[in-house]
Amino acid sequence: MEYKVQVTRLADGHAEAQVQTAFAQLFRLDTDKAAKALSRLPLVIKEKLTAEQAAKYRDRLQAIGLVAEIHPMLVVAPVPSAPPPPPHEVQSATAPGLQLEPIAAPIAKEAVPEVASRPAMRSPGMAFKIEGRPDFAFLTVTIPANETLKVEASAMATMDSHMTMTTKMRGGLGRLLTGESIFVNEFTAQEAPGDIGIAPAAPGDLAHVYLNGDVIYLQNAAFVACAGDVNLETKWQGLVKGFFSGESLFLIRASGQGDLWFNSYGGIIELDLDGDYVVDTGNIVAFTEGLEYRMSKVGGYKSLFFSGEGLVCRFSGKGKVWIQTRAVEAFASWAHQFRPAKGKG
Amino acid sequence: MQIEFMHQPGNTAARIALRPGETLTAEAGAMIAMSGHLGVSTSTHKKGKGGLLKAAKRLFAGESFFLNHFSAEREAGEVWLGSALAGDMMQYELDRQTLIVESGAFVACAHQVDIDVGWQGFKNLLSGESLFWLKLSGQGPVILNAFGSIYPIEVDGEYIVDTGHIVAFNETLDFSLTKAGKSWVSSMLGGEGLVCKFRGRGTVWCQSHNPKSFGKSFGSSLKPRRA
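Listed in order, the protein sequences are those of chains A and B. Position 110 of the first sequence, counted from 1, bears residue number 110 in the working numbering, the numbering being contiguous throughout. Position 65 of the second sequence, counted from 1, bears residue number 65 in the working numbering, the numbering being contiguous throughout.
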């Protein structure tokens with residue numbers, strides 16, 4: 001697939017003049033031309049790029065203070081009956097090992113036009129937009145009339161007043177104690193379509209996949225929302241797999257058909273795996289079913305105690321893993337030193 | 001060794017592609033993901049220089065840190081590195097120079113770069129601010145991270161930088177720790193405890209935010225810890 005890179009706007013907190021100068025330098029333009037080009041946003045910078053090239057362009061543009069997006073260069077048919085290709089299918093063209101892939105999946109879906117009313121038949125997915133990427137992404141979904149969206153508890157920020165909410169718990173009471181139940185709120189748009197704004201707890205990015213009968217495992221905190229028909233189950237990793245990690249890798253299994261959104265703390269990096277790969281447990285966001293995974297240590301026993309990596313998750317096989325550039329636990333342990341000492345006031 | 005950064009500047013992660021035979025030395029805990037076949041070992045210093053027990057003792061004194069060595073033995077591989085705090089990263093190519101790096105800013109370097117952990121160039125004064133610096137020298141790439149954004153300052157003459165904002169600087173610069181104000185009392189009350197005065201020619205890389213100030217801004221609202 002080919003991609004194009006489009007600049008949509010100036011990133012917040014950047015002076016226009018400064019960005020223009022940087023833009024001029026980047027593309028070896030004179031400042032006037034750069035200013036002119038940037039006055040006509042959105043602006044397509046480059047077309048027919050590979051995923052890797054496009055990601056590079058985007059990163060360079062973002063580094064100088066421009067918000068850039070990658071769009072796949074395929075004709076997105078605005079016909080609701082044409083389901084988008086499952087964005088997480090493994091590309092056969094990738095060489096063995098790993099390829100840096102852009103996180104194009106969520107953007108690709110933005111091309112789906114917002115439709116005020118949908119036919120009763122199963123549509124390819126709900127209309128949605130993700131704003132504030134990549135640092136402070138939040139999601140707005142248009143729920144078609146009488147359909148339901150499952151949302152992580154307490155993540156709803158705004159919504160139309162005709163939405164009704166019910167709370168469901170997955171995982172059962174027995175697991176409540178171990179922190180392995182998730183509460184999911186179901187929002188239903190009564191009689192008419194409605195918008196809901198969803199904000200994940202941690203600042204970071206959001207990704208979207210359209211499940212088409214396939215299965216994705218999410219790290220506990222990564223779940224944001226999914227269509228009503230997507231099944232969510234909690235998956236207890238058992239003592240062997242979860243016990244030593246301290247962060248008990250507790251996974252949510254999402255299956256069925258429909259949209260699924262998940263979030264990260266920090267940026268999301270999407271990796272195509274073919275072979276062995278190691279991910280720090282705190283940095284796992286999601287992965288596709290079919291990958292083998294087990295908890296293990298890195299290096300020898302010396303490394304177990306001093307490497308700072310503790311236990312990691314070792315993946316093998318073919319599939320996709322989404323990782324995050326920051327880990328909540330790492331931040332929390334950094335913050336630990338600033339806690340006041342007991343007894344000293 | 002090929003280095004690229006993703007999600008700059010807020011959520012930066014570094015991807016390091018290793019060719020067969022190459023080894024990357026990284027700060028303990030920085031690895032977020034890597035190829036499964038890479039060899040990993042942990043040391044306190046340069047690889048092959050042991051003394052782990054001693055280092056553990058020094059760790060409790062808050063003066064040591066551990067390094068992980070990732071090596072691609074026969075097959076190429078890659079390592080992703082991240083940091084605990086939000087912020088940018090930078091790459092610096094050492095070419096028989098010496099770079100002095102604030103220990104929290106160090107992310108990784110090529111294995112052939114020398115890391116002097118025991119360097120005590122700053123150990124003087126009544127510094128309640130435990131300054132801990134690394135001296136990197138030799139040849140090869142170095143990756144540094146910052147809390148917030150990174151900006152270089154070309155010093156020619158004299159310049160003063162708050163110690164909490166220093167990421168790294170060229171060793172060609174003379175430096176001394178001093179107070180920001182005229183008297184110690186006003187410096188301490190003004191919150192600008194220790195500053196570093198640079199003299200000469202060279203570059204100082206600064207970070208836009210001071211991690212310690214951030215920590216202190218919310219620390220008092222956290223639950224007290226035991227001892």
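Worth flagging that the hints you see were computed from the coordinates, not collected in a lab. Certain hints may be false.
[To be verified] The calculated lysine to aspartate or glutamate pairs, modelled on DMTMM-like cross-linking and capped at a C-alpha distance of 20 Å, are:
no., chain 1, residue 1, chain 2, residue 2
1, B, Lys223, A, Glu329
2, A, Lys56, B, Asp162
3, B, Lys223, B, Glu171
4, B, Lys135, B, Glu75
5, A, Lys318, A, Asp229
6, B, Lys216, A, Glu329
7, A, Lys56, A, Glu2
8, A, Lys56, A, Asp272
9, A, Lys168, A, Asp229
10, A, Lys318, B, Glu4
11, B, Lys212, B, Asp162
12, A, Lys46, A, Glu2
13, A, Lys318, A, Asp214
14, B, Lys212, A, Glu329
15, A, Lys168, A, Glu186
Bear in mind the structure is a predicted one, so any value in this text is a computation, not a measurement.
Results for each hint:
1. Lys223(B) / Glu329(A): Holds, at roughly 16 Å.
2. Lys56(A) / Asp162(B): Distance of about 34 Å is beyond 20 Å: violated.
3. Lys223(B) / Glu171(B): 41 Å, violated
4. Lys135(B) / Glu75(B): 31 Å, violated
5. Lys318(A) / Asp229(A): Violated - the C-alpha atoms of Asp229(A) and Lys318(A) are around 26 Å apart, more than 20 Å.
6. Lys216(B) / Glu329(A): 19 Å, holds
7. Lys56(A) / Glu2(A): 14 Å, holds
8. Lys56(A) / Asp272(A): 17 Å, holds
9. Lys168(A) / Asp229(A): 14 Å, holds
10. Lys318(A) / Glu4(B): With a Cα-Cα distance of about 24 Å, the restraint between Lys318(A) and Glu4(B) is violated, given a limit of 20 Å.
11. Lys212(B) / Asp162(B): 12 Å, holds
12. Lys46(A) / Glu2(A): 11 Å, holds
13. Lys318(A) / Asp214(A): 14 Å, holds
14. Lys212(B) / Glu329(A): 18 Å, holds
15. Lys168(A) / Glu186(A): 7 Å, holds
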